[in-house]
Structure formats: structure tokens, C-alpha cells
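Chains as they are written, first to last, in the numbering used here: chain Y, -13 to 365; chain E, 2 to 323.
Treat the hints with care, as some may be off.
Derived BS3-like pairs (lysine-lysine); straight-line CA-CA distance at most 30 angstroms [stated by the list, open to error]:
no., chain 1, residue 1, chain 2, residue 2
1, Y, 232, E, 314
2, E, 57, Y, 266
3, E, 317, Y, 218
4, E, 50, E, 77
5, Y, 153, Y, 354
6, E, 317, Y, 235
7, E, 91, E, 215
8, E, 317, Y, -11
9, Y, 354, E, 317
10, E, 314, Y, 361
11, E, 319, Y, -11
12, Y, 232, E, 319
13, E, 98, E, 314
14, Y, 149, E, 314
15, E, 91, Y, 266
16, E, 88, E, 98
17, E, 319, Y, 361
18, Y, 153, E, 319
19, Y, 235, Y, -11
20, Y, 361, E, 317
21, Y, 232, E, 317
22, E, 57, E, 273
23, E, 319, Y, 149
24, E, 319, Y, 235
Covered by chain Y, per the in silico footprint, the following chain E stretches (three or more residues, Cβ under 8 angstroms) [as the list claims (entries may be wrong)]:
no., segment
25, 104 to 114
26, 144 to 153
27, 157 to 164
28, 168 to 182
29, 269 to 280
Derived from the structure by calculation, the hints contain no laboratory data. We treat Cβ as the ideally placed atom computed from N, Cα and C, and that holds for glycine.
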Amino acid sequence: MSKAQPLGGTIFTPFFMAMMVLFAISVYFLGVRFTEGMGAVANINGGYPWGIWVVYDVVIGTALACGGYALAITIYLFNKGQYHPLMRAALLASLLGYALGGIGAFIDMGRYWQFYNLLLPWHMNFNAVMLEVGLCVATYILVLVIEFAPAFLERIGATGLLKALNKVLFLFIALGILLPTMHQSSLGSFLVAMGYKVAPLWQTVYFQPVLALLTALCMGFSIVIFEASMSKVAFKLDDETHLLSKLGKIIVGILSVYLVIRFAEILMHGKFGYIFAGDKNSLLFIMETVLFIIPIVILSSQEKRNNPKVLIWAAVSMLFAGSLYRFNAFLLTYDPGPGYSYFPSVSEIMVTVGIVAFEIMAYIVLVKTLPVLHKPKHA
Amino acid sequence: MDRRSFLKGASVGAAAACVSTVAEARPNLEPAPEALGMLYDSTLCIGCKACVAACKEANNMDPVISGDDLQYDSAKDLSGDTLNVIKIYKDGTAEVKDHEENGFAFEKRSCMHCVDPGCVSVCPVTAMRRDPLTGIVTHHTDACIGCRTCMGGCPYNVPQFEYDEAFGRIHKCQMCNQAGLERISKGGMTACAEVCPTGATLFGPRTMLLEEAKRRTNLKGGDTYHYPRGDISKPESFHEKDLDANYVNHVWGETEAGGTNVLHISGVSFDKLGMPPLGDRSYASQSETLQHTIYKGMALPAVALAGLTYFVKRNKDKDGEE
Ligand code: SF4
Ligand code: SF4
Ligand code: SF4
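Chain Y with its partners taken away, still in its complex shape (with noise of 0.2 angstroms):
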């Protein structure tokens, strides 16, 4: 079995100096927002309280870093060691994925200076979601960190630290299970407390967590079809195609669930005429459900799936769909009541944008110093 490797190689090439400019903007624009406040930089408002730095960069963000999580269930809770060589580029992009998740909650946050609260047990709230996210989430940071440790301590070369670190891993790996299943779970739960203003196709009391962890685990699974697929393309590295394939099998047997209790649960509270109302609602959700769909179709035929091109259309289908899901529910669709409306700004959008930029440039540096891809053989 080869072993993983730092790549090598410049690393400022063009595309890397075009994500640094992508950032330098952003960080102007944040010196605004913490100098002038939020409005000076985002469209967020009295009706819409979250915009797309809570819900791109921190709901989806994480949700699209769920690699690590859903890989980490297929290799150690059902014991297909035969993915471990997919396992650490997985773990350092649901890292980055979710250090800066943490880093938009952050910049989101109104009153920052006083984050420490939520670590104050006497004023915990235990009945929040957000609570709950927030601990959840700063903890699974950590966990991320100590899961990809070993690739930083083999590069140093430091084999007594790492010994000793493999004894415990185990330990942080089940709580790189426990974690993400608790969070990625409440992130849905959060739209229970906003009642009438989430539309009436995405609300739902008791199927909310559900939903929203079936999708962040098919999103999981679908992530790491895309990542390998583009970094065997940009950095040339072997075919992992019969890997990949398989993960695909099991979108297919998530998604279907998740879409039976979808519609199920649609059906069962009389919505179904909402589907077809032709409003924009409608259309959003069918947009969605055609997006769900598409990988199922795909996917479901051994054929397909086993073609790389093929197979990363499907993964790119099902990271849209569950990123619309997000959308609908938490911006698209929602409504406050008469008065409020929300479009993102210009400045509020390149900060996000230059949040991704930064951490496209953080996964390169890294795969290209630390041993986190599998180099072919032949190199």
C-alpha cells in the first residue's frame, strides 16, 4: 500500500495568487464591518437577522465539510478499511471546512468580545439549538486538529509523539463521530423555533434533525467524490475510481431514505398542493427535488458510477441539492411578515468569497508540504 506524501512543488502559481487576491478584498471589507459595524458591509436586517454569513458560510460550510465525518463512519463504525487512503485529505478539508465555519460564526457574531459566555456555565442556556451548536461545533475543531495531527507530527518526524497519539486516537475519532451527528442534526433544529416564518415545504417539527443529517451526510460522501476527483486531475495522482464508486452506493441508499421521509412528511400534513402553487416556492423546491434526484438516477446504475466523469456529476448534483435545501429554508423561502426583505450585497458576498479563497489556499499549501495524498507510484 503506498504511503501518503507532500506533493511538492510551487506554490504560488497563478491560481493561487488570484485566490489571494479574492482574499485581500475580504479583509478589507472586514476591517469595515468591524470598524463601521455589520450594516456598513452586509444587507442583514430586522426581518432577516442571518444572512449568508451564517447561512453559506457556517450551515452549509460545515455541512460541505462533512467528508471526515462520513468517511470516518464508513472506516471505523462499518470497517471498510480499504478507504483509509482517501481518509486524510477528507479530515484536512472537513478541518478547513470547519475552522472557518467557526471563523464566519465568528464575523457574524454581534457582540464577538464577549464569545467567551457561552463557555460560562451560569449562563448556559441548555434549551438552545445554539448553545448546543456552538459548543458542539468549537469542540469537533478540536477533534478535527487532533484526527489530522498525525500527518504534521510524521512530517516532523516527531514517532514518539505520534505512538502515543495512535494509542488514544481512537478516542477522538468516536467523538469525530459523536460530534458531527449531534450538530449537523440541531443545525436543522433551528428552524423549529423560527415557526411560521420558514415556508411550509421546508417546516417541520419532529423530521427537522433528520433531514438535516441525512443530507449533510450524503453532502459528506459527495465531497470526497469531488475532492479526490479534482485533486487526481490537479495534482495527477492515481485513478481511485472503484473507491470513489462505491461511496456513491451509498448516496444512492441515504438519499432514498431521506427523500421518503421528505415527502412523506409532506404528504402526511396535507402540503402537497404547495408543490404545484407555481408561486416561487414551488419552484425552489422543485429545483431542489430535480437536484436530489439527479444523483439517485445516476448513481443507481453500476455503469455510471463507475465512470469518474459521470460519477462527479452526480457528487456535484448532490452538493448543490443539499445546499439549496439550506438556502430554501433558511433565506430563499423564509419571511418574516410584510416590510423585510434580503438580497446580499456585493461586499457581504466577496467576504464569503474570499473566506472559500482562503481555504482553497490553505488545503494546496498544505497537501503540497504535509503527507495528506497518495503520490502514484510511479512518480
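Following the hints, position chain E with the ligands against chain Y.
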């Protein structure tokens, strides 16, 4: 693939799901034992906005000027600078007061002081608090992290953040009883009720206000009624008025989302006045039931973690990799 380990892994999940079904639903909270509130009677309101000015003065907030209207506070909606506004409903020619068709009506927007407040339930750091005795919902800046979940969790979009400040705060009506003002604790009444010339905004114990509201909504057009001003438990004065239009037979806040301590009655239906579509069950009770069902006493995550650790360790050892 090892079928046995798959089955065991699945059974951990199934066991977790079973534990989660035993938790009980949390019902709506009951009104506080000595709940205080206000009754806003839209038919009495003359739109003078004396309450808006008095609210700003009591709470030390600057007027909001919009357009050329430099004389008066012309805030259009609640914001980080405004805790109380009078809004207007208009239809067609807007000739007759308190009529839905070709009429107009006033509506007061300020915190409803919910019996089962969403803002309190969702705040991660207990910066929103319901007084156990009076039910007054206050905000505590020293605890607040500015996550703005309370804004989304409030059915009336009441808490407002100062988006125009580098170090913004959340603002909401605290029934004039926040630390430093404490009009109620000092035996007084709310500033808006005190200045209201017609008694459209009336202060007092929720039970008395609810009885008063029901007496009024049962009146018929043409009836004469003695309307108290100020504090219903010790009114300063009364005035007599003949009813021009019928009340809508509905006291807003008796049951909506668990009820509110600030009650509204009106001559036009409440959806016209911009009140949200609410059922009887509070979102706070639904959200907390769900949360506690999943995390009953944190036992479930602990059980799950033990199970996970066992499988991970076993599968990792067997792998012998890394
Ligand atoms: S109206 Fe809104 S801010 Fe006021 S108590 Fe109810 S939930 Fe809280
Ligand atoms: S903004 Fe402040 S008061 Fe509102 S939920 Fe967040 S911490 Fe609580
Ligand atoms: S009770 Fe006090 S803070 Fe609330 S609206 Fe009236 S005057 Fe303003």
C-alpha cells in the same frame, strides 16, 4: 464487508433512537403568577404617538428622523433605536376609522412579553430572561454575544440589533423595568401607558387586562363604555365613549403561541394589522421538546459515545493500519 459489524453498528443507532422516544413533550409555559402586561385597544388609539416619544425619553434613545419631517420622531419600524412604533393600516379611500374596507386603523408594535417567549428559549447565553414573578422579559447586554437567534426566534420580530455600530447591542422593550429604569419595580407603570391620552395603552395585571379586553370585545356598536386610563388596577381617570364600530371578537395574546402579557384588541382583523399567523402551541415548547427528546439529560450522547468508542477501537485494532 463484515456483516456482523454492520449489524452491530446499526443496532447502536437503533438503540439510540429508542431511548429518544421516551422523553415527554414540554407543554406551553403558564402565565407568571403575578403577570403584568398592557392592553392596547386599537379603536381608542388616535395615532398621536405620544407613547413613541415617551418611550424614547424613558429609555434614553434618540429620535429617528425620516424624510423632511424634522419635527417629530418618524421611525417607521422597530430598530436598534426604537422600541415602540405606531403603525397604520389603510385600505382604499381610508375614510372610516377601524373599518377594513375603505378604512384605517392603528397598531402598536413593541415587545408582546410572551408567556412562553421564543427569545428566552433560543438565547444560548441566557441574555433574555423572563421574570418568574411578573413575566416581564428583559435583555441583558453584559451576557449577549450578538448571535441574533432571538430575532429569528421572536414571532413578532421584536429584538433589534444596532447594525450601524461597531459594538452593537440588542434592544427591545423591557416594559420599562430594566436595571437603571425599573419603573415597575418602583411601583409605577410603563411610560407609554402613562402618557396615553385615551387609555388605548393600558398597564396592569394580565388577569385584569384580559377580563377588561373580553368585556370590550363583547360590546355592540352604539353601546357606551367607561374607559380607564393609565394603570387598570388604580386608574387615574375614565372617559366615556360610544362605540362606532364593533370589536373583532378576539383578544390577541390570550392564546397565540402560548399567549402574551401584552394583549391587543381591535376593530379590524389582526392579520390586516400585521400580526403573524400563529397557532396555540409556542415554538419554544416545540423546539425544547425536540431538543430534549434527542438529548434527554445528555444520557443519549453518552451511550452513543460508549458504543462508538467500542466499535472504533475494535475496527481500528483489527485494521492494524496507522
Ligand atoms: S415578543 Fe419577541 S422579544 Fe418580546 S417576549 Fe415575545 S419573543 Fe421575546
Ligand atoms: S443576540 Fe444576544 S440576546 Fe439574542 S439570542 Fe444572541 S446572545 Fe441572546
Ligand atoms: S413599556 Fe416602556 S419600553 Fe416598552 S414600549 Fe412602553 S414605554 Fe417603550
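Quick rundown of the hints versus the structure:
no. : hint            : result
1   : Y:232 <-> E:314 : 24 angstroms, holds
2   : E:57 <-> Y:266  : 40 angstroms, violated
3   : E:317 <-> Y:218 : 27 angstroms, holds
4   : E:50 <-> E:77   : 12 angstroms, holds
5   : Y:153 <-> Y:354 : 27 angstroms, holds
6   : E:317 <-> Y:235 : 24 angstroms, holds
7   : E:91 <-> E:215  : 26 angstroms, holds
8   : E:317 <-> Y:-11 : 18 angstroms, holds
9   : Y:354 <-> E:317 : 28 angstroms, holds
10  : E:314 <-> Y:361 : 28 angstroms, holds
11  : E:319 <-> Y:-11 : 19 angstroms, holds
12  : Y:232 <-> E:319 : 22 angstroms, holds
13  : E:98 <-> E:314  : 74 angstroms, violated
14  : Y:149 <-> E:314 : 15 angstroms, holds
15  : E:91 <-> Y:266  : 27 angstroms, holds
16  : E:88 <-> E:98   : 14 angstroms, holds
17  : E:319 <-> Y:361 : 26 angstroms, holds
18  : Y:153 <-> E:319 : 14 angstroms, holds
19  : Y:235 <-> Y:-11 : 26 angstroms, holds
20  : Y:361 <-> E:317 : 24 angstroms, holds
21  : Y:232 <-> E:317 : 21 angstroms, holds
22  : E:57 <-> E:273  : 27 angstroms, holds
23  : E:319 <-> Y:149 : 17 angstroms, holds
24  : E:319 <-> Y:235 : 25 angstroms, holds
25  : 104 to 114      : violated (count 0)
26  : 144 to 153      : holds (count 9)
27  : 157 to 164      : holds (count 5)
28  : 168 to 182      : holds (count 4)
29  : 269 to 280      : holds (count 4)
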